[in-house]
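Peer 1: Sequence:
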Amino acid sequence: MATQKSSQLEQVHADNNDHLIRSSDSQHPANLIPALCSKFWTLGWVTGTGGGTSIRDDDLVYLAPSGVQKELMKPEDIYVLALSQQKDPKSRVYLRSPPSLKPSQCTPLFIAAFTKRNAGCCIHTHSQWAVLVTLLLEKRSSKTTLFEINNIEQIKGIGKGYKKQGSLGYHDTLRIPVIENTPHEEDLTESLEQAMDKYPDTYAVLVRRHGIYVWGETVHKAKTQTESLDYIFQLAIEMEKLGLSWLSDIS
1 MATQKSSQLE QVHADNNDHL IRSSDSQHPA NLIPALCSKF WTLGWVTGTG GGTSIRDDDL
61 VYLAPSGVQK ELMKPEDIYV LALSQQKDPK SRVYLRSPPS LKPSQCTPLF IAAFTKRNAG
121 CCIHTHSQWA VLVTLLLEKR SSKTTLFEIN NIEQIKGIGK GYKKQGSLGY HDTLRIPVIE
181 NTPHEEDLTE SLEQAMDKYP DTYAVLVRRH GIYVWGETVH KAKTQTESLD YIFQLAIEME
241 KLGLSWLSDI S
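Residue numbers (full-length UniProt numbering): 1 to 251.
Keep in mind that the hints were calculated from the coordinates and are not lab data. Small disclaimer: the values here were computed from a predicted structure and weren't measured. Treat each hint with caution, since some may be false.
Simulated crosslink set (DSS-like; lysine-lysine; CA at most 25 Å straight-line) [to be verified]:
(1) 164 x 198
(2) 87 x 102
(3) 39 x 74
(4) 198 x 163
(5) 116 x 87
(6) 160 x 116
(7) 116 x 198
(8) 221 x 160
(9) 163 x 116
(10) 39 x 156
(11) 102 x 74
(12) 39 x 223
(13) 223 x 198
(14) 223 x 116
(15) 143 x 241
(16) 116 x 74
Use the sequences and the hints to build the structure in full.
Peer 2: Okay, here's the thing in structure tokens:
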């Protein structure tokens with residue numbers, strides 16, 4: 001029996017578990033991640049191989065690799081890991097690793113969204129609007145670590161918070177924490193987790209001079225919230241040009 005089991009493990013390793021990324025279903029994570037990244041490339045969110053997307057399917061996590069042109073990504077480029085097998089945050093175990101590619105340094109940050117918020121999808125963009133908002137906050141004060149805006153219709157596109165039903169309302173104040181960038185992306189993990197703990201209702205964390213991480217219970221919610229936030233950030237920048245405050249007392 002031991003010999004048979006050993007042989008089975010060797011076979012799994014030999015074929016690299018390619019069955020995990022083969023599906024005719026367009027909504028399968030291995031097909032959906034390349035499709036999403038291609039769309040995000042057209043929006044300028046993943047320019048020059050930056051940014052990425054990860055989808056969780058129960059215990060399995062599908063991840064875009066590092067250093068690839070996101071608009072040209074294919075299902076066979078996708079990494080797969082099991083959350084239950086991750087014992088050391090700095091030494092991850094993959095069920096499938098594409099040849100000649102490297103795992104994304106975003107991986108531990110994606111995992112934080114899955115484990116701390118039970119997210120089904122996490123999206124990381126290098127959106128210019130997200131970066132510019134962090135720079136405007138930095139200009140006001142280097143200690144400013146929170147983006148706030150209210151009385152804007154698009155705020156309705158953001159959920160009320162983890163385990164809460166419904167979305168924010170027009171009069172609600174949207175708050176997105178800002179963390180400082182690091183030379184190596186995976187070193188952002190601790191700061192991101194601290195921001196999630198401090199602001200338990202947030203669905204996103206901005207990274208100063210870098211971009212943003214956004215998550216949601218499903219792929220649809222993560223995508224919708226990323227789009228809504230990008231719109232809000234662009235609007236905030238235009239408001240700043242006109243001398244308009246992001247916060248108002250309309251009620």
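Peer 1: Does each hint fit the structure? Answer for all of them.
Peer 2: These are the hints, each one checked on the structure:
1. 164 x 198: holds (17 Å)
2. 87 x 102: holds (20 Å)
3. 39 x 74: holds (13 Å)
4. 198 x 163: Given that 25 Å is the threshold and the Cα spacing comes to 16 Å, the pair holds.
5. 116 x 87: Roughly 15 Å between the alpha carbons, so the hint for residue 116 and residue 87 holds.
6. 160 x 116: holds (16 Å)
7. 116 x 198: holds (12 Å)
8. 221 x 160: holds (12 Å)
9. 163 x 116: At roughly 12 Å apart (the allowed maximum being 25 Å), residue 116 and residue 163 satisfy the hint.
10. 39 x 156: holds (23 Å)
11. 102 x 74: Answer holds: residue 102 to residue 74 is near 15 Å, not above 25 Å.
12. 39 x 223: holds (11 Å)
13. 223 x 198: Satisfied, since the Cα-Cα distance of roughly 24 Å is no more than 25 Å.
14. 223 x 116: The hint holds at about 19 Å.
15. 143 x 241: holds (22 Å)
16. 116 x 74: violated (29 Å)
Violated hints amount to a single one, hint 16; each of the other numbered hints is respected by the structure.
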